[in-house]
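Trainee: Sequence:
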Amino acid sequence: MGFKAREGGGLLDFLHAPPSAHITSDGCVLRPSHRRCPSGGHSTNGPYSPFPIFPSPPSLHERDGKTAARGGGETHRAAASRRGSDHHGRAGARYEVKRRLRRSSSYSSPSPDLQAEAKALRRKEGASGLRLASDRPAATVAGFRRARDSAAAASDMPSFPSSGASPQKQQHNARRRQLIRQQRKSLPIASVEKRLIEEVRKNDTLIVVGETGSGKTTQLPQFLYDAGFCQDGKVIGITQPRRVAAVTVAKRVAEECNDQLGKKVGYSIRFDDSTSNATRIKYMTDGLLLREALLDPLLSKYSVIVVDEAHERTVHTDVLLGLLKKVQHSRSIYANKNGKILPDIQDQSQYFTLKACQGTKIDPLKLIIMSASLDAKCFSDYFGSAKAVHIQGRQYPVDILYTYQPESDYLDATLVTIFQIHLEEGPGDILAFLTGQEEIESLDRLIQERARQLPPQRSKIWTTPIYSSLPSEQQMNAFKPAPAGTRKVVLATNIAETSVTIPGIKYVIDPGMVKARAYNPVTGMESLIIIPVSKAQALQRSGRAGREGPGKCYRLFQETLGIDDIIGFDFMEKPSRTAILKSLEQLILLGALTDDYKLSDPVGRQMARLPLDPMYSKALIVASEFKCLEEMLIVVSMLSVESIFFSPREKLEEARAARKSFESSEGDHITLVNVYRAAKECLEKSKNANAKEKTMEKALNRWCRENFINYRSLRHACDVHSQIQGHVQQMGLNVSSCGDDMVLFRRCLTAAFFLNAAMRQPDGSYRALATSQSVQIHPSSVLFQKKPDCAIFNELVRTSQNYVKDLTRIDPVWLAELAPQYYATED
DNA sequence: GAGCACTGC
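Residue numbering for the first sequence follows UniProt numbering, starting at 1 and increasing by one per position.
You may find that some hints are simply not true.
[Stated by the list, open to error] Distance condition first, Cα-Cα at most 27 Å in a straight line; then the derived DSSO-like pairs of lysine-lysine:
hint, residue 1, residue 2
1, Lys-685, Lys-698
2, Lys-202, Lys-185
3, Lys-263, Lys-326
4, Lys-202, Lys-264
5, Lys-202, Lys-480
6, Lys-480, Lys-460
7, Lys-264, Lys-194
8, Lys-694, Lys-680
9, Lys-251, Lys-234
10, Lys-480, Lys-698
11, Lys-185, Lys-169
12, Lys-234, Lys-169
13, Lys-325, Lys-169
14, Lys-301, Lys-169
15, Lys-680, Lys-692
16, Lys-660, Lys-787
17, Lys-366, Lys-202
18, Lys-301, Lys-194
19, Lys-687, Lys-698
20, Lys-251, Lys-326
21, Lys-169, Lys-194
22, Lys-660, Lys-480
23, Lys-680, Lys-627
24, Lys-264, Lys-234
25, Lys-194, Lys-263
26, Lys-264, Lys-301
27, Lys-660, Lys-685
28, Lys-326, Lys-202
29, Lys-805, Lys-786
30, Lys-377, Lys-194
31, Lys-698, Lys-660
32, Lys-202, Lys-325
33, Lys-263, Lys-234
34, Lys-325, Lys-598
What the hints contain is simulated information worked out from the structure, not anything from laboratory work. On a predicted model such as this, the values are computed, not experimentally measured, just so you know.
Please model the entire structure based on the sequences and the hints provided.
Mentor: Have a look at this one:
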């Protein structure tokens with residue numbers, strides 16, 4: 001018996017295409033998921049033109065043995081590059097770069113009326129530090145920041161001890177408080193407090209452009225509080241794109257307020273809420289505020305919402321801005337009508353929302369959008385010509401240097417630049433941005449080889465890599481100071497762009513590339529590709545050189561190439577129509593939406609409550625009907641985190657053996673359940689031995705190491721599990737186990753993931769039924785060698801070929817039986 | 001018989 005997808009099928013996980021997706025010329029949606037690519041031209045203009053050539057010093061390329069830095073062991077890349085530079089016949093040429101003496105960040109040309117407004121404001125403003133963003137000269141470098149003086153940069157913040165008892169400690173704390181007062185007063189934003197509050201009172205929406213070190217993130221919420229924006233128990237909410245920022249800034253502000261964290265100032269992020277009823281200044285992740293808006297569509301407890309780091313353009317921030325615009329509108333209608341809601345509002349959903357709030361006092365919502373030095377005008381346009389103000393920052397100046405010619409091999413160019421800096425520039429550490437682990441490792445080897453050939457009297461080079469999958473102990477090496485007479489070279493992915501700040505960096509090398517996820521809506525396939533960085537990223541990277549003193553940034557590309565195309569950047573763009581329609585279609589197939597695209601009740605509403613991929617949310621609802629929700633909760637939690645299995649290259653055989661004990665011949669899902677249960681058992685054991693929580697975690701950590709399980713991922717999965725469990729219990733779903741009935745569980749997986757089914761073909765390959773694509777089982781699957789006739793899967797990725805991952809063997813008959821809306825038997 | 005940048009709920 002054969003199967004075919006019903007008419008109208010043939011779609012895959014379009015839900016993954018974010019509103020920010022770019023479509024390339026070959027139909028691929030590019031998803032630089034974390035940060036948008038402002039100069040969208042890179043990804044939309046089709047194939048990227050050859051990369052700028054970076055002139056290489058002859059010493060690194062000669063093979064005649066005369067120069068100090070020669071040496072074998074080049075990577076394939078470096079060798080290829082050498083051929084290229086030989087061709088240019090540049091032996092003996094002096095290596096130099098074009099020098100720019102000022103920061104080259106600039107705004108796109110402001111509109112005439114914004115310019116006029118700017119002039120008017122400037123006249124009024126006089127010498128104050130506040131002015132319209134659009135009026136900002138291209139290359140302002142405001143007052144220098146004294147080292148270790150930034151109260152604004154979250155990652156720089158010292159942690160202050162809470163008030164203690166001893167006299168010395170009290171004295172110490174008093175000194176701390178004095179220091180904090182001084183620091184606050186010296187921030188650029190301090191001098192414009194009154195003016196800023198005035199603008200907030202006058203405008204419902206205000207764009208604040210603040211450079212690094214201006215103090216906007218920590219100070220503005222305190223100004224608002226002092227100005228009375230928290231009267232009637234209202235809250236000021238400040239969103240951040242990253243968890244760590246929300247936590248560290250909240251801690252700092254609580255300290256500045258001389259208050260305990262969780263009282264007046266608190267933070268709220270997933271799995272970690274430190275707010276109370278007394279909290280008036282609340283820092284949170286943008287995604288969390290989105291979740292809150294589901295429960296309270298008017299966000300009625302907030303008087304002001306500050307969206308910080310809006311220039312980073314995460315999907316969450318983008319959606320949040322659109323949502324806040326709507327909330328603002330609803331609340332102003334409500335406030336204007338004095339609580340009397342008439343059903344003459346066009347948007348029906350708005351009417352019901354307002355109706356539900358009748359009787360409570362709701363004021364208009366103040367919205368402040370804070371962004372680093374990017375284009376404020378786009379935010380302003382999006383919010384109906386909202387006013388924009390600019391606050392100067394305190395960053396040391398950074399010289400930006402570009403290459404004269406295009407470079408075809410950025411890895412080689414990076415190597416060359418590192419040695420040029422090392423041999424010609426003064427002391428200071430180097431930070432080089434690369435795209436991934438493999439590049440970092442190979443460049444590391446190359447540097448070591450060349451460094452060994454330096455004359456003995458030269459100072460030494462010490463390389464230290466940092467990327468997210470590197471164990472934290474090894475990550476910490478990058479933060480250690482280099483020994484005397486040694487220059488530290490940090491080889492980093494974009495983790496060092498925003499997530500971590502490495503002290504001592506004076507030189508930044510930016511090859512201008514980044515690894516990004518690409519999503520193809522036609523095939524539903526994801527892959528990782530290397531694309532040029534955005535202007536925002538380049539700016540952020542160069543800023544890393546000016547945190548402790550004047551620095552230099554070497555950009556290994558020409559100034560004029562795509563990356564400066566800020567004018568062409570389309571802010572707040574919509575996803576493609578096809579992508580929207582396809583995702584709606586999938587949501588309908590999952591039963592989340594009705595045929596007229598409304599959220600279905602109860603399934604759609606229940607799914608929306610769960611912080612999961614829609615397919616996983618649906619799986620939980622299906623599982624409660626199949627009476628195996630306990631197992632499905634585990635599966636969904638384990639699938640929602642990074643890879644659970646850890647297999648270091650040097651211990652591959654041991655890792656494989658360790659995994660054997662968890663393996664189920666039915667597939668990966670049940671294998672994951674086995675791992676989770678074994679981990680729980682380990683925790684139970686130490687709990688029964690009356691161990692403290694810390695000891696229990698240690699035991700789990702050890703167990704993970706012994707079994708080649710990634711502790712971080714497992715811990716995360718446990719957190720997700722308890723959170724989701726709470727949700728499903730609240731929803732009234734019945735959490736029961738199917739015990740040993742694995743057929744029932746596999747049938748349940750089939751009913752839940754029917755969109756992701758693959759059938760074995762006569763030639764031994766597989767065909768994904770929804771898209772008719774030819775796929776292979778990924779070698780990491782326990783079914784890799786088992787070759788089942790039919791399986792459901794949870795991931796479809798394209799690397800060296802098309803792979804499906806996370807599979808479970810199913811009976812093909814179940815598809816038509818359990819998903820008759822999608823599959824029909826052929827007979 | 002394969003490799004994976006970074007985030008968030």
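Trainee: Run every hint past the structure and note whether it holds.
Mentor: Verification of the hints:
For the given pair, Lys-685 sits about 13 Å from Lys-698 by alpha-carbon distance, which is consistent with the 27 Å threshold. For the suggested pair Lys-202 and Lys-185, the alpha carbons sit about 25 Å apart, so the restraint of at most 27 Å is met. Annotation: proposed proximity of Lys-263 to Lys-326 is violated, straight-line Cα distance about 30 Å (limit 27 Å). Annotation: proposed proximity of Lys-202 to Lys-264 holds, straight-line Cα distance about 26 Å (limit 27 Å).
Between Lys-202 and Lys-480 the alpha-carbon distance is near 48 Å, which puts this suggested pair outside the 27 Å criterion. Between Lys-480 and Lys-460 the alpha-carbon distance is near 16 Å, which keeps this suggested pair within the 27 Å criterion. The suggested pairing of Lys-264 with Lys-194 holds, with an alpha-carbon distance near 22 Å, which does not exceed 27 Å. Under the criterion of a C-alpha separation no larger than 27 Å, the hint pairing Lys-694 with Lys-680 is consistent with the structure, at around 15 Å.
The straight-line distance between the Cα atoms of Lys-251 and Lys-234 is roughly 20 Å, inside the 27 Å bound, and the hint therefore holds. A hinted pair counts as satisfied when its Cα atoms are at most 27 Å apart, and Lys-480 with Lys-698 qualifies at roughly 26 Å. For the hint pairing Lys-185 with Lys-169, the CA-to-CA distance comes to about 24 Å; that is within 27 Å, so the pair holds. In summary, the hint linking Lys-234 to Lys-169 is not supported, as the alpha carbons are separated by about 35 Å, beyond the 27 Å threshold.
With a C-alpha separation of about 48 Å, the suggested pairing of Lys-325 with Lys-169 is violated against the 27 Å cut-off. For the hint pairing Lys-301 with Lys-169, the CA-to-CA distance comes to about 38 Å; that exceeds 27 Å, so the pair is violated. Between the alpha carbons of Lys-680 and Lys-692 the distance comes to roughly 16 Å, so the proposed pair stays at or under 27 Å and holds. Of the supplied pair hints, the one linking Lys-660 and Lys-787 holds, its CA atoms being roughly 18 Å apart against a limit of 27 Å.
Distance restraint check for Lys-366 and Lys-202: the Cα-Cα separation of roughly 10 Å lies within the 27 Å cut-off, and the hinted pair is therefore satisfied. Proposed proximity of Lys-301 and Lys-194 is supported: the alpha carbons are some 25 Å apart, at most 27 Å. Between Lys-687 and Lys-698 the CA atoms are separated by roughly 12 Å; this keeps the pair inside 27 Å, and the hint holds. For the hint pairing Lys-251 with Lys-326, the CA-to-CA distance comes to about 31 Å; that exceeds 27 Å, so the pair is violated.
Between Lys-169 and Lys-194, the direct Cα distance comes to roughly 35 Å. Violation of the 27 Å bound is thereby established for this hinted pair. Distance check on the hinted pair: Lys-660 and Lys-480 sit about 39 Å apart at the alpha-carbon level, beyond 27 Å; violated. For the suggested pair Lys-680 and Lys-627, the alpha carbons sit about 21 Å apart, so the restraint of at most 27 Å is met. Annotation: proposed proximity of Lys-264 to Lys-234 holds, straight-line Cα distance about 12 Å (limit 27 Å).
Only pairs whose Cα atoms come within 27 Å are accepted, and Lys-194 paired with Lys-263 is accepted, the gap being roughly 26 Å. Restraint check for Lys-264 and Lys-301: satisfied, since their Cα atoms lie roughly 15 Å apart, inside the 27 Å limit. Using a Cα cut-off of 27 Å, the hinted pair Lys-660 and Lys-685 holds, with the two alpha carbons roughly 22 Å apart. Taking the CA atoms of Lys-326 and Lys-202, the gap is about 20 Å. The hint holds against a cut of 27 Å.
Proximity of Lys-805 to Lys-786 is assessed by CA-CA distance (about 14 Å); at most 27 Å being required, the pair is judged to hold. A hinted pair counts as satisfied when its Cα atoms are at most 27 Å apart, and Lys-377 with Lys-194 qualifies at roughly 24 Å. Distance check on the hinted pair: Lys-698 and Lys-660 sit about 24 Å apart at the alpha-carbon level, within 27 Å; holds. Between Lys-202 and Lys-325 the alpha-carbon distance is near 17 Å, which keeps this suggested pair within the 27 Å criterion.
Distance restraint check for Lys-263 and Lys-234: the Cα-Cα separation of roughly 14 Å lies within the 27 Å cut-off, and the hinted pair is therefore satisfied. Among the hinted pairs, Lys-325 with Lys-598 is consistent with the structure: their alpha-carbon atoms are about 21 Å apart, no more than 27 Å.
When each numbered hint is compared with the structure, violations occur for hints 3, 5, 12, 13, 14, 20, 21, 22.
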